[in-house]
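Asks: So the chains spell out like this:
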Amino acid sequence: MRIMLLALGAAATALATPILAQGRGHGQGHGNDKAQAAAQGGQGGGNRQARGAGNRGGGQSAQREDRGGGHGRGGGGGDHARPDHANRGAQHVQRQEARGRGQAMRVENRGERRADNARDRVERRADRARDRVERRAVVVTDRGAIVRLRRDPRRAFVQGCPPGLARKNNGCLPPGQARRLLAERPWYGNWWGYPDSGAYRYDSGYLYRLQPNGIVAGFIPLAGGALWTGNPWPANYAYDPLPRYYADYYGYDDPYDYRYADGIVYGLDPETDTIRQIAGLLTGDDWAIGSRMPMGYDVYNVPYGYRDRYYDSGDDWYRYSDGYVYRVDPTTQLIEAAIQLIA
Amino acid sequence: MSLTLTRALAAASIVALALAGCGRSDDSRNEATNNAAAATAEAPGGTLAAALDGNGELDTLHDLARNAGLDDVLGGVGPYTLFAPNDAAFETLGGERVEALKGEAMRPQAIALLRGHIVPGLVTRRDLDAALSRDSANPVRMRTMSGGTLTFAREGDAITVTAEGGARARLAGDETTASNGAIHPVDALLMPTAAPPE
Numbered sequence: 618m619r620i621m622l623l624a625l626g627a628a629a630t631a632l633a634t635p636i637l638a639q640g641r642g643h644g645q646g647h648g649n650d651k652a653q654a655a656a657q658g659g660q661g662g663g664n665r666q667a668r669g670a671g672n673r674g675g676g677q678s679a680q681r682e683d684r685g686g687g688h689g690r691g692g693g694g695g696d697h698a699r700p701d702h703a704n705r706g707a708q709h710v711q712r713q714e715a716r717g718r719g720q721a722m723r724v725e726n727r728g729e730r731r732a733d734n735a736r737d738r739v740e741r742r743a744d745r746a747r748d749r750v751e752r753r754a755v756v757v758t759d760r761g762a763i764v765r766l767r768r769d770p771r772r773a774f775v776q777g778c779p780p781g782l783a784r785k786n787n788g789c790l791p792p793g794q795a796r797r798l799l800a801e802r803p804w805y806g807n808w809w810g811y812p813d814s815g816a817y818r819y820d821s822g823y824l825y826r827l828q829p830n831g832i833v834a835g836f837i838p839l840a841g842g843a844l845w846t847g848n849p850w851p852a853n854y855a856y857d858p859l860p861r862y863y864a865d866y867y868g869y870d871d872p873y874d875y876r877y878a879d880g881i882v883y884g885l886d887p888e889t890d891t892i893r894q895i896a897g898l899l900t901g902d903d904w905a906i907g908s909r910m911p912m913g914y915d916v917y918n919v920p921y922g923y924r925d926r927y928y929d930s931g932d933d934w935y936r937y938s939d940g941y942v943y944r945v946d947p948t949t950q951l952i953e954a955a956i957q958l959i960a
Numbered sequence: 009m010s011l012t013l014t015r016a017l018a019a020a021s022i023v024a025l026a027l028a029g030c031g032r033s034d035d036s037r038n039e040a041t042n043n044a045a046a047a048t049a050e051a052p053g054g055t056l057a058a059a060l061d062g063n064g065e066l067d068t069l070h071d072l073a074r075n076a077g078l079d080d081v082l083g084g085v086g087p088y089t090l091f092a093p094n095d096a097a098f099e100t101l102g103g104e105r106v107e108a109l110k111g112e113a114m115r116p117q118a119i120a121l122l123r124g125h126i127v128p129g130l131v132t133r134r135d136l137d138a139a140l141s142r143d144s145a146n147p148v149r150m151r152t153m154s155g156g157t158l159t160f161a162r163e164g165d166a167i168t169v170t171a172e173g174g175a176r177a178r179l180a181g182d183e184t185t186a187s188n189g190a191i192h193p194v195d196a197l198l199m200p201t202a203a204p205p206e
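Quick note, the sequences are listed as chains A and B, same order.
Using our numbering, read the first sequence as starting at 618 and increasing by one per residue.
Using our numbering, read the second sequence as starting at 9 and increasing by one per residue.
Since the hints were made in silico from the structure, they are not lab data.
Treat the hints loosely; a few may be bogus.
[Stated by the list, open to error] With a Cα cut of at most 25 Å, we get these calculated SDA-like pairs of lysine to any residue:
hint	chain 1	residue 1	chain 2	residue 2
1	B	K110	B	A96
2	B	K110	A	Y811
3	B	K110	A	T846
4	B	K110	B	E163
5	B	K110	A	G847
6	B	K110	B	D95
7	B	K110	B	L197
8	B	K110	B	D61
9	B	K110	A	Q950
10	B	K110	A	R802
11	B	K110	A	P849
12	B	K110	A	L951
13	B	K110	A	R893
14	B	K110	B	A145
15	B	K110	A	T949
16	B	K110	A	P829
17	B	K110	B	G64
18	B	K110	B	G164
19	B	K110	B	I167
20	B	K110	A	N848
21	B	K110	A	L798
[Said to hold, decoys possible] Computed spacing ranges between beta-carbons, pair by pair:
hint	chain 1	residue 1	chain 2	residue 2	range
22	B	D137	A	R909	22 to 28 Å
23	A	R797	B	A145	46 to 52 Å
24	A	R802	B	E163	28 to 34 Å
This one's a predicted model, so the numbers in the text were calculated from it and none came from an experiment.
For every residue, glycine included, the Cβ atom is placed at its ideal position computed from N, Cα and C.
Full structure from sequences and hints, please.
Replies: Shown next as structure tokens:
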């Protein structure tokens with residue numbers, strides 16, 4: 618099978634020559650876009666979920682791009698023949714070792730009680746590393762093949778009252794507490810990054826959105842506060858189940874239920890629904906093939922391991938975001954392809 | 009047999025790629041060559057978490073990251089790039105506030121602060137220089153993990169970074185590259201530290 622893939626890749630690379638000779642692309646290769654899309658098709662989750670009687674369940678947040686159009690040049694598979702598997706293998710081993718060191722540090726800091734769990738996790742990761750999918754890049758120009766998680770700060774806002782606070786005539790908070798919060802102007806008051814930050818006040822792990830009369834219009838459970846290790850997931854707080862591609866790319870292989878909400882990936886105990894870790898940070902930026910590159914990617918930022926193939930030139934730019942590298946036309950800034958870093 | 013075939017096909021791929029490069033414009037080839045030279049540097053072995061642990065000028069940031077539960081994030085695959093306020097930068101905040109930020113009650117604030125100083129991907133000083141040299145007419149901006157934007161500029165030999173709220177810092181000291189990203193020390197917080205207006 619491997620020989621077949623290599624043969625296809627080598628043949629594809631040879632076929633790619635005329636295209637590359639025109640100054641287009643590094644590591645594009647050729648292959649079967651449809652096959653790639655089909656392979657990817659089973660990976661996504663993407664149903665935005667909320668437990669309990671929340672106000673916001675349903676909907677789709679992890680989105681596939683609409684099909685139709687977008688079949689560009691190239692496709693998956695061209696990189697399979699590149700002679701750098703050994704390097705990637707070495708990097709993979711380094712990464713596993715580094716993760717092991719990180720685990721050890723956590724054991725020291727969190728005390729004896731968690732030591733056994735942490736050791737188990739390290740050992741489990743080492744075991745699973747043998748079975749881990751190989752890290753190899755696949756260029757995708759099929760708009761329907763990419764699953765992305767998106768962040769919309771407005772969606773983090775939950776109407777109603779946080780757990781433990783009953784809605785009353787004046788909102789969720791006692792009038793005195795609401796007035797006190799409304800009057801506060803703390804030095805960190807502009808740190809939250811949500812629209813209309815002047816209306817938000819922090820208290821006890823939640824960010825409250827207050828109306829001018831002090832009534833609570835809604836709340837956001839915050840990472841490090843309500844969303845913290847040992848706490849149950851707030852009953853009416855919506856999340857996206859983490860698509861498999863993300864879990865594979867970031868190496869999330871603990872037996873957790875991984876959820877994405879408001880730019881952060883959390884690992885939860887699937888039996889108790891309690892938070893066990895903050896696993897990752899994502900931009901949730903909107904990268905759609907055929908659309909303009911999001912603002913804020915003016916600097917080349919491709920990870921080690923991919924810089925030898927995906928580098929800026931006068932013909933193409935490459936930018937990394939949330940587990941993918943994207944090829945961008947420097948002149949139009951239109952996104953031409955997404956490169957999966959896990960095949 | 010399989011090894012022989014593998015080597016032959018790999019060699020064919022290399023030849024094909026070499027031929028492919030012949031058609032590029034000179035400018036494109038030169039730029040690509042420069043970037044490739046930077047790209048071939050091997051990834052360092054340690055993670056961002058380990059690099060923070062070993063940096064004597066970033067103790068406060070390291071404490072905040074650990075207390076905020078971001079050690080898994082900074083020890084993971086990433087990559088991320090930290091524009092890391094040094095200890096002197098936190099001194100301007102005042103000892104009382106810094107200690108409060110390290111406490112449980114202000115973990116959400118610590119996480120918000122850290123997200124505002126982290127951008128996606130691996131960004132080296134050389135990448136920043138290249139972006140600033142490429143087009144002086146347009147701002148050079150990077151997205152943070154909190155959804156904000158950092159804007160970079162040259163000021164003499166220094167590189168400055170300005171956050172959306174107006175907080176401004178200079179890159180101070182050498183970068184540290186890690187297997188999962190990079191750290192650029194900065195001399196000020198990139199978050200507003202004055203109370204919001206009435």
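Asks: Look at each hint and say if it fits the structure.
Replies: Hint by hint, here is what the structure shows:
no. : hint                        : verdict
1   : B/K110 / B/A96              : holds (16 Å)
2   : B/K110 / A/Y811             : holds (23 Å)
3   : B/K110 / A/T846             : holds (16 Å)
4   : B/K110 / B/E163             : violated (33 Å)
5   : B/K110 / A/G847             : holds (19 Å)
6   : B/K110 / B/D95              : holds (13 Å)
7   : B/K110 / B/L197             : holds (15 Å)
8   : B/K110 / B/D61              : holds (16 Å)
9   : B/K110 / A/Q950             : violated (41 Å)
10  : B/K110 / A/R802             : holds (20 Å)
11  : B/K110 / A/P849             : holds (23 Å)
12  : B/K110 / A/L951             : violated (42 Å)
13  : B/K110 / A/R893             : holds (20 Å)
14  : B/K110 / B/A145             : violated (41 Å)
15  : B/K110 / A/T949             : violated (45 Å)
16  : B/K110 / A/P829             : violated (32 Å)
17  : B/K110 / B/G64              : holds (17 Å)
18  : B/K110 / B/G164             : violated (35 Å)
19  : B/K110 / B/I167             : violated (29 Å)
20  : B/K110 / A/N848             : holds (20 Å)
21  : B/K110 / A/L798             : holds (22 Å)
22  : B/D137 / A/R909: 22 to 28 Å : holds (25 Å)
23  : A/R797 / B/A145: 46 to 52 Å : holds (49 Å)
24  : A/R802 / B/E163: 28 to 34 Å : holds (32 Å)
In summary, the structure is inconsistent with hints 4, 9, 12, 14, 15, 16, 18 and 19 from the numbered list given earlier, while agreeing with the others.
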